[in-house]
Amino acid sequence: MTFMDWYREDRLPHIYCTGCGNGTVINCTLEAVEQMGWAVDDTVFISGIGCSSRAPGYIKTDSLHTTHGRALAFATGVKLANPRLNVVVFTGDGDLAAIGGNHFIHACRRNVDLTVVCMNNMIYGMTGGQGSPCTPVGAISTTTPYGAVEPVFDLSELAVTAGANYVARWTSYHVKELTKAVKDGLETPGFSFIEALTQCPTAYGRRNKLRQVSDMINYMRTNVILIQKKQRMLERGEAVPEEKIPVGEFVRRNRPAMGVPK
Amino acid sequence: MQGNTACAEGALAAGCNFFGGYPITPSTEIAEHMARRLPKKDGVFVQMEDEIASIATVIGASWTGARAMTATSGPGFSLMMENIGYAVMTETPCVIVNIQRGGPSTGQPTMGAQGDMLQCRFGSHGDYSTIALCPSSVQEMYDLTVKAFNLADRFRVPVFVMSDEVIGHTRERITIPDHVEIVPRRPLEKGTLPFHGGDDGVPGFPEFGRGHGVHVTGLTHDERGYPEATDPHIHETLVRRLVSKVESARHDIADYEVVNPDAETVFVTYGPPTRTVKQVMHDHPDERVGHLHLRIVWPFPERLLKIFTNAKTFIVPEMNMGQIVREVERHTCLPVIRVSKLGGELHTPDELQKLLEGRP
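These protein sequences, in sequence, are chains F and V.
If you read the first sequence in our numbering, its first letter stands for residue 48, the second for the next number, and so on.
If you read the second sequence in our numbering, its first letter stands for residue 690, the second for the next number, and so on.
Isolated chain F (complex conformation) (with noise of 0.2 Å):
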């Protein structure tokens, strides 16, 4: 099997617009699960209201597209009433931070045996590009049409804070790296978060100068920095550029887990 064969092809054409990067983090978030060598049917996906949690309509696993924000809890029911089925979570920033965000920090605590996967666009893109909690200061959405001023949520930061057992951040740019992140949350006890940031051009882009996909990865690609040199630099008492994104491993732990298979 490749990554291929989990999708349910007859759900074909996708939503997505041309140029999301949602496709992208699902290819690497099965390909993930497709190294595991786990069978179609032990594997649940559950998810939230969004764009990225329209990706579980199109894989052939059970799964549970559920309501805004609420994705955690539900994924809560369903692992410890079977610790026996592997589940996988995906969301986006508006689902997991806003509407979600309490249940996000409360499965990071319990360290429910979940790994959970937030394409992290930056803005709502379903409904039309209004700002999120991840919307950057000074960024047009149809909400801030003056620029964002409302400072940003670090979700990794968060939930490393929170309790979680693994967290990573990567991009929808750093296809590999990201692929192994998840693959390293599949394998990790306990709660797992990887946060993707992904490119949004028709609701993000088109609205703040990075109106070209390639733009969009390109901004991705130039602007991260790996959470160890970040860490390095701080060290030596260098200035770390206030705009560069920290990605790589945040975390990994053995806090006691729930919903771990005996």
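Keep in mind the hints are simulated off the structure, nothing from the lab.
All of these numbers come straight from a predicted model, not from anything done at the bench.
Some hints could be false.
[To be verified] Cut-off 35 Å, straight-line C-alpha distance, at most; resulting in silico cross-link-like pairs (DSBU-like, lysine-lysine):
(1) F:LYS256 x F:LYS309
(2) V:LYS879 x F:LYS107
(3) F:LYS227 x F:LYS309
(4) F:LYS227 x F:LYS277
(5) F:LYS309 x F:LYS291
(6) V:LYS729 x F:LYS309
(7) F:LYS256 x F:LYS223
(8) V:LYS1030 x V:LYS995
(9) V:LYS1030 x V:LYS1001
(10) F:LYS309 x V:LYS995
(11) V:LYS730 x F:LYS107
(12) V:LYS730 x F:LYS309
(13) F:LYS277 x F:LYS309
(14) V:LYS967 x V:LYS1001
(15) F:LYS223 x F:LYS309
(16) V:LYS995 x V:LYS1043
(17) F:LYS230 x V:LYS879
(18) F:LYS230 x F:LYS309
[As the list claims (entries may be wrong)] Facing chain V, according to a computed beta carbon distance under 7 Å, are these residues of chain F, among others:
(19) VAL91
(20) LYS107
(21) LEU111
(22) HIS112
(23) THR114
(24) ALA120
(25) PHE121
(26) GLY124
(27) ALA128
(28) ASN129
(29) ASN149
(30) HIS153
(31) THR249
(32) GLU289
(33) GLU296
(34) ARG300
[To be verified] Negatives, chain F to chain V, calculated, CB over 10 Å:
(35) CYS64
(36) THR71
(37) LYS291
(38) PRO308
For every residue, glycine included, the Cβ atom is placed at its ideal position computed from N, Cα and C.
With chain F held as given, fit chain V onto it using these hints.
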């Protein structure tokens, strides 16, 4: 045994093996009892961050085949409305116990009420139908909780046990049967579409992890379960089936008690006012006074009113401003007297007796 404990014990007897909850007065004893009992029976108890998450875990657990429940009261019930709609749309069997208290808002946390009877029927957005059972004693709390699980699995709907602080905190002697009837949900047959209603409108259940590869969504979906949110025909077919699978069974599943069917004046009750009416009829035996006691209020079994062929007046005492009385009114041309009581105290027998005697 306390009413809330009887509810938890009834659930366990019915095979409940998953409880997701959040503490709220006056329902908390149910969660506490389940927290003690479930782990010893290889079940799962999880205390969630709020009632939204509680009902979400219950729905998630149900898709793995668990008999799952939650218990709450008014403010938590309001938070659950979003995912109750999801359970309706996805046809997820689960049991939701509401130990009602005085509202609106925080209201009277330690006082009984029946103010959520319309909320449990209409509280989530869109058209749908549900099943609501209303215990009037601790024994009924046990029996009706068992029944709630069987109805949830039979119709694949969220089923409500709409009790209240009065019954939840009453202590009475009850008989726990050696054996309770458990009717498991019908599994999906291979080769059948997962959301095809069949004869009774209730699809077989495609439990997760059994190779069904089912996609479950709150979006309008076709019989495969695939989202089809803009096709008017698919939406209409789906919603009409969701409603009719419950409504068409309303007389079949009706659970009630009739006293003096030839009476001219008929009390219609559910929950605590049932007790007051029974007291009145015990203290002042009179064949001209009848009683229809409903144990299942939704779907409303309107034909039962016709049992009372000599009826001239219906009297509906409720611990709210008149909710189920609307159903009685719209199904009879006879005068209907609403006896509304707010504040958390039961109607007294004298209040109802005065009404019968025409005393002020």
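Hints versus structure:
1. Proposed proximity of F:LYS256 and F:LYS309 is contradicted: the alpha carbons are some 51 Å apart, above 35 Å.
2. Of the pairs offered as hints, the one joining V:LYS879 and F:LYS107 holds, with about 16 Å between alpha carbons and a cut-off of 35 Å not exceeded.
3. About 25 Å separates the Cα atoms of F:LYS227 and F:LYS309, which keeps this hinted pair within 35 Å; it holds.
4. Proximity of F:LYS227 to F:LYS277 is assessed by CA-CA distance (about 21 Å); at most 35 Å being required, the pair is judged to hold.
5. Straight-line distance between C-alpha atoms of F:LYS309 and F:LYS291 comes to about 42 Å, which puts the hinted pair past the 35 Å bound.
6. Taken as a hint, the V:LYS729 and F:LYS309 pair is honoured in the structure, with Cα atoms around 17 Å apart against an allowance of 35 Å.
7. For the given pair, F:LYS256 sits about 28 Å from F:LYS223 by alpha-carbon distance, which is consistent with the 35 Å threshold.
8. For the proposed pair V:LYS1030 and V:LYS995, the alpha carbon gap of about 26 Å is at most 35 Å, so the pair holds.
9. For the given pair, V:LYS1030 sits about 23 Å from V:LYS1001 by alpha-carbon distance, which is consistent with the 35 Å threshold.
10. Simply put, F:LYS309 and V:LYS995 have alpha-carbon atoms about 58 Å apart, too far for the 35 Å limit, and the pair is violated.
11. As the CA atoms of V:LYS730 and F:LYS107 are separated by approximately 34 Å, the hinted pair is consistent with the 35 Å bound.
12. Among the hinted pairs, V:LYS730 with F:LYS309 is consistent with the structure: their alpha-carbon atoms are about 17 Å apart, no more than 35 Å.
13. Distance restraint check for F:LYS277 and F:LYS309: the Cα-Cα separation of roughly 39 Å exceeds the 35 Å cut-off, and the hinted pair is therefore not satisfied.
14. At most 35 Å may separate the alpha-carbon atoms for a hinted pair to count; V:LYS967 and V:LYS1001 meet this at roughly 20 Å.
15. Between F:LYS223 and F:LYS309 the alpha-carbon distance is near 31 Å, which keeps this suggested pair within the 35 Å criterion.
16. For the given pair, V:LYS995 sits about 26 Å from V:LYS1043 by alpha-carbon distance, which is consistent with the 35 Å threshold.
17. Proximity of F:LYS230 to V:LYS879 is assessed by CA-CA distance (about 33 Å); at most 35 Å being required, the pair is judged to hold.
18. About 21 Å separates the Cα atoms of F:LYS230 and F:LYS309, which keeps this hinted pair within 35 Å; it holds.
19. Hint status for F:VAL91: holds, given a least beta-carbon distance of 6 Å to chain V, under 7 Å.
20. With 7 Å as the threshold, the beta carbon of F:LYS107 comes within range of chain V, its nearest partner Cβ sitting at about 5 Å, so the hint holds.
21. Proximity of F:LEU111 to chain V holds as hinted, the smallest CB-CB distance being about 5 Å (cut-off 7 Å).
22. Hint on F:HIS112 holds. Least Cβ distance to chain V is approximately 4 Å, under the 7 Å limit.
23. For F:THR114, the interface hint holds, since its Cβ comes within 7 Å of a Cβ in chain V; the closest pair sits about 5 Å apart.
24. Annotation: interface hint on F:ALA120 holds; nearest CB of chain V at approximately 4 Å, less than 7 Å.
25. A least Cβ separation of about 4 Å between F:PHE121 and chain V falls short of the 7 Å threshold, and the interface hint therefore holds.
26. Satisfaction of the interface hint for F:GLY124 is found here, the shortest Cβ-Cβ separation to chain V being roughly 3 Å, below the 7 Å cut-off.
27. Here the hint on F:ALA128 is kept, as its CB sits about 4 Å from the closest CB of chain V, short of 7 Å.
28. Because the beta carbon of F:ASN129 sits about 4 Å from the nearest beta carbon in chain V, less than 7 Å, this interface hint is met.
29. Of the supplied interface hints, the one on F:ASN149 holds, with its beta-carbon coming within about 6 Å of a beta-carbon of chain V, less than 7 Å.
30. Because the smallest distance between the Cβ of F:HIS153 and any Cβ of chain V comes to about 4 Å, under 7 Å, the interface hint for this residue holds.
31. With 7 Å as the threshold, the beta carbon of F:THR249 stays out of range of chain V, its nearest partner Cβ sitting at about 19 Å, so the hint is violated.
32. Taken as an interface hint, F:GLU289 does not check out: its beta carbon lies about 33 Å from the nearest beta carbon of chain V, beyond 7 Å.
33. The closest approach between the C-beta of F:GLU296 and any C-beta of chain V is roughly 27 Å, which is over the 7 Å cut-off, so the hint fails.
34. With 7 Å as the threshold, the beta carbon of F:ARG300 stays out of range of chain V, its nearest partner Cβ sitting at about 22 Å, so the hint is violated.
35. The Cβ of F:CYS64 lies farther than 10 Å from every Cβ of chain V, with a closest approach of about 17 Å, so its non-interface assignment holds.
36. For F:THR71, the shortest C-beta to C-beta distance to chain V comes to about 22 Å, beyond the 10 Å cut-off, and the non-interface label holds.
37. Every C-beta of chain V lies more than 10 Å from that of F:LYS291, the closest at about 34 Å, which supports listing it as non-interface.
38. No beta-carbon of chain V comes within 10 Å of the beta-carbon of F:PRO308; the shortest separation is about 12 Å.
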